[in-house]
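Top to bottom, those sequences are chains A and B. Here the working numbering is used: the first residue of the first sequence is 13, the next is one more, and so on. Here the working numbering is used: the first residue of the second sequence is 13, the next is one more, and so on.
There may be inaccurate statements among the hints.
Identical chains share a label here; the pair holds if one copy fits it or two copies do between them.
[Unchecked claim] DSS-like, lysine-lysine: derived pairs with alpha carbons at most 30 Å apart:
id : residue 1 : residue 2
1  : K196      : K206
2  : K183      : K72
3  : K130      : K196
4  : K130      : K100
5  : K130      : K198
6  : K196      : K183
7  : K130      : K206
8  : K183      : K206
I should point out that these hints are in silico values taken from the structure, not numbers from a laboratory.
Protein chains: 2
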Amino acid sequence: MPQGQPTVVPDDGLTTRQRRNRPLVLVHTGVGKGKSTAAFGLALRAWNQSWPVGVFQFVKSAKWRVGEERALRVLGESGEGGTVAWHKMGEGWSWLQRSQQDAISSEEAAREGWEQVKRDLAAETYRLYVLDEFAYPMHWGWVDTDEVVSVLRDRPGTQHVVITGRNAPQKLLDFADLVTDMSKVKHPMDAGQKGQRGIEW
Amino acid sequence: MPQGQPTVVPDDGLTTRQRRNRPLVLVHTGVGKGKSTAAFGLALRAWNQSWPVGVFQFVKSAKWRVGEERALRVLGESGEGGTVAWHKMGEGWSWLQRSQQDAISSEEAAREGWEQVKRDLAAETYRLYVLDEFAYPMHWGWVDTDEVVSVLRDRPGTQHVVITGRNAPQKLLDFADLVTDMSKVKHPMDAGQKGQRGIEW
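Isolated chain A, as found in the complex (with noise of 0.2 Å):
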């Protein structure tokens, strides 16, 4: 990780602790494997912090992150370190009564759950944001970016957010203050070995 000074002071105004303590819009996007598990272990400094963390998957199947649900769940119920929010579009939103879950669609599911997060947002509600996979619903269409980088820059408070996902559309990585881009140079897939427990979920 970068350390030391940086190269760029800007004049902008603010003391080092100040630019220091921003709130960040962190995006993790490319091809290749992390990018939601490097989203999770930042979930785990925060927790560390004491910070309420709010992760809203946007993926239709639940399978996927099994195992950092489970480790969240027992760190925000351990009585040390932060809480933890865990909301799952694959199972219909939550906050969602029963017969809209029934219904809706995976881009109706998509908005739901980015209403949630604005209407979080300006709540103040968590310092971290986990929004796991949210780059497709953007890159699809079903979520315009336009409006999620205007929330974002007028979100109030100290709130950090992390964005996850394949072809993150370009406004928002010249919006977001800190971009990955995680490259696949090998995968077991190419030689033929399927994803397997405990590694790929």
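Use these hints to put chain B onto chain A, whose structure you have.
Frame of chain A; chain B shown alone:
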């Protein structure tokens, strides 16, 4: 993540299941963020599978992983999931005697850490090894990459190993099953912002 059918089905005499559960060597390298964070995210999955996890931190300062260490300690002691053993080079490896810890150089400490990893691999102590920042001692020539590859190739049982750090040697990449390069697209440091608590550590 890659899903569905592999494009190549190797003629290795293994069933799909045997091939699927083949123990893996994973490398997270590159100059971007997320290498270690993603490795600790993997540890959450391993914990969820009730695997014994061994973390070896090949860094002098123990400052940067406080969140992950505390989280994995709480998880390991929760009575759910697997166990977690956390070994730090920064404070002198705990299996060394006090007098050895004080006298040891960074190079010797790195080598001593690798010797312990070898002993644990031979004894099949863990099912996932996180060798955090282990690419550096190889890159610097403190630990012989040929020997690492040879030991990993011949390791018994089902032991997964994830190695992080910039400048991972090509020989290691050639041998590894999965390599992800974390590329920096944009970092707050570029805009004059230093690392902050809860995000960088």
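Do the hints match the structure? See the list:
no. : hint         : result
1   : K196 to K206 : both (16 Å within a copy, 28 Å between copies)
2   : K183 to K72  : within (25 Å within a copy, 39 Å between copies)
3   : K130 to K196 : between (33 Å within a copy, 28 Å between copies)
4   : K130 to K100 : within (16 Å within a copy, 41 Å between copies)
5   : K130 to K198 : between (37 Å within a copy, 25 Å between copies)
6   : K196 to K183 : both (23 Å within a copy, 17 Å between copies)
7   : K130 to K206 : between (37 Å within a copy, 28 Å between copies)
8   : K183 to K206 : between (34 Å within a copy, 24 Å between copies)
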